[in-house]
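What follows is the residue order along each chain.
Protein chains: 2
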Amino acid sequence: MPEYKIQYFNVKALAEPLRFLLSYKNIPFDDVRIQKEDWPEIKKTMPMGQMPIMEVDGKRAHQSLAMARYLAKQVGLNGANDWEDLEIDMAVDTINDFRNKIGAVQYEADEEVQKKKRVTLDSEIIPFYLEKLEAMAAANDGHFALSKLTWADLYFVGILDYLNFMAKKDLTENHPNLTKVKETVLALEGIKNWVAKRPETEL
Amino acid sequence: MPEYKIQYFNVKALAEPLRFLLSYKNIPFDDVRIQKEDWPEIKKTMPMGQMPIMEVDGKRAHQSLAMARYLAKQVGLNGANDWEDLEIDMAVDTINDFRNKIGAVQYEADEEVQKKKRVTLDSEIIPFYLEKLEAMAAANDGHFALSKLTWADLYFVGILDYLNFMAKKDLTENHPNLTKVKETVLALEGIKNWVAKRPETEL
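Heads up: the protein sequence lines correspond to chains A and B, in order. Quick note: the first sequence uses this note's numbering, first residue 1, plus one each step. Quick note: the second sequence uses this note's numbering, first residue 1, plus one each step.
So here's chain A without its partners, still in its complex pose (with noise of 0.2 angstroms):
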């Protein structure tokens, strides 16, 4: 079996995807977290000034959605043809593309701009992403792609803490489907054992 690694901050956010994927099959990793003060020595060794990477006997990779496509055919949470790739890959890039406007918000500099923003967020771009994710999650027997467990499902879960650390809410909450999801992959038993012992972090 290879030798997995992967290296991020003491944090679930976009790592926990990997980690997730790793132990639903079980598989061993070397889980490293950088502290916040080596982060910038560290920083200016990374292929794009940015965590997570990913190593597989030595071999280094970054892009956490490349990195987790790559460890759900590894672990068979991909799809059966090309096809089912794609809407496996619709699914997740949806699911980012969601992330990456409420990390917009989350991340804006200036106070006052931020504050605008998040009106915008609240009122318009989070009601619409959760009725077409319940609405995908509805489609799909309470999984995201193919009526199945997928690496999609891995994924939103994976993140969900730190959507709703961004967001300021539980965005599952009222959300049946979207909570289904959410608990089929808490109850697998690699997840199951894997967040009993990992390091607790509030995102």
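Note that these hints are calculated values from the structure, not bench results.
Which copy is meant is left open, because identical chains are indistinguishable; a pair holds if it fits in one copy or across any two.
Straight-line alpha carbon distances no greater than 25 angstroms define the calculated DSS-like cross-link-like pairs of lysine-lysine that follow:
{"no.": "1", "residue 1": "132", "residue 2": "44"}
{"no.": "2", "residue 1": "59", "residue 2": "132"}
{"no.": "3", "residue 1": "117", "residue 2": "44"}
{"no.": "4", "residue 1": "115", "residue 2": "168"}
{"no.": "5", "residue 1": "168", "residue 2": "36"}
{"no.": "6", "residue 1": "101", "residue 2": "115"}
{"no.": "7", "residue 1": "101", "residue 2": "117"}
{"no.": "8", "residue 1": "5", "residue 2": "132"}
{"no.": "9", "residue 1": "148", "residue 2": "59"}
{"no.": "10", "residue 1": "132", "residue 2": "43"}
{"no.": "11", "residue 1": "43", "residue 2": "117"}
{"no.": "12", "residue 1": "101", "residue 2": "44"}
{"no.": "13", "residue 1": "182", "residue 2": "132"}
Computed from a predicted structure; not experimentally measured.
Here the structure of chain A is known, so what remains is to put chain B in place on it, guided by the hints.
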């Protein structure tokens, strides 16, 4: 051969990588271009209220990167194994991050905020990404990944006019390796034929 339809506005922008990928293998497709005045009605029928969309034998897809990845597999511009696909995806996602960062400025509705953000874009973000992308193209012999032609190259050149339009500058100027990627893609027989016959549009 499946029947392909690409539906978008009468611009290159996000649909052009899809049109490039099909044209690369001279695959005919229905090139539907929606007029601005018809968009409000059509928007309601789109999966996420957005275009481009693609239809393959009547089955509808959305999400431009997901569709491009699917088409890349149909025309043989994907990787030979999971790690190669990861390397291509890393390049594509990096190019797409660059697009998102330029787009965040271009589509900032508040004029004052936009002006301030464009200063940071020009002085920090664009130079940072161009240095990284130029280095990637240098390390891969005038390609973005695997030192050979992949869909990452077609994706970059496909959206380049759109990037230039939003950035208000010629991004490949004085970047010999990015220029090489561009020239290589535009010299491909299928792409040359497509460019010669496509509607002329600014972005």
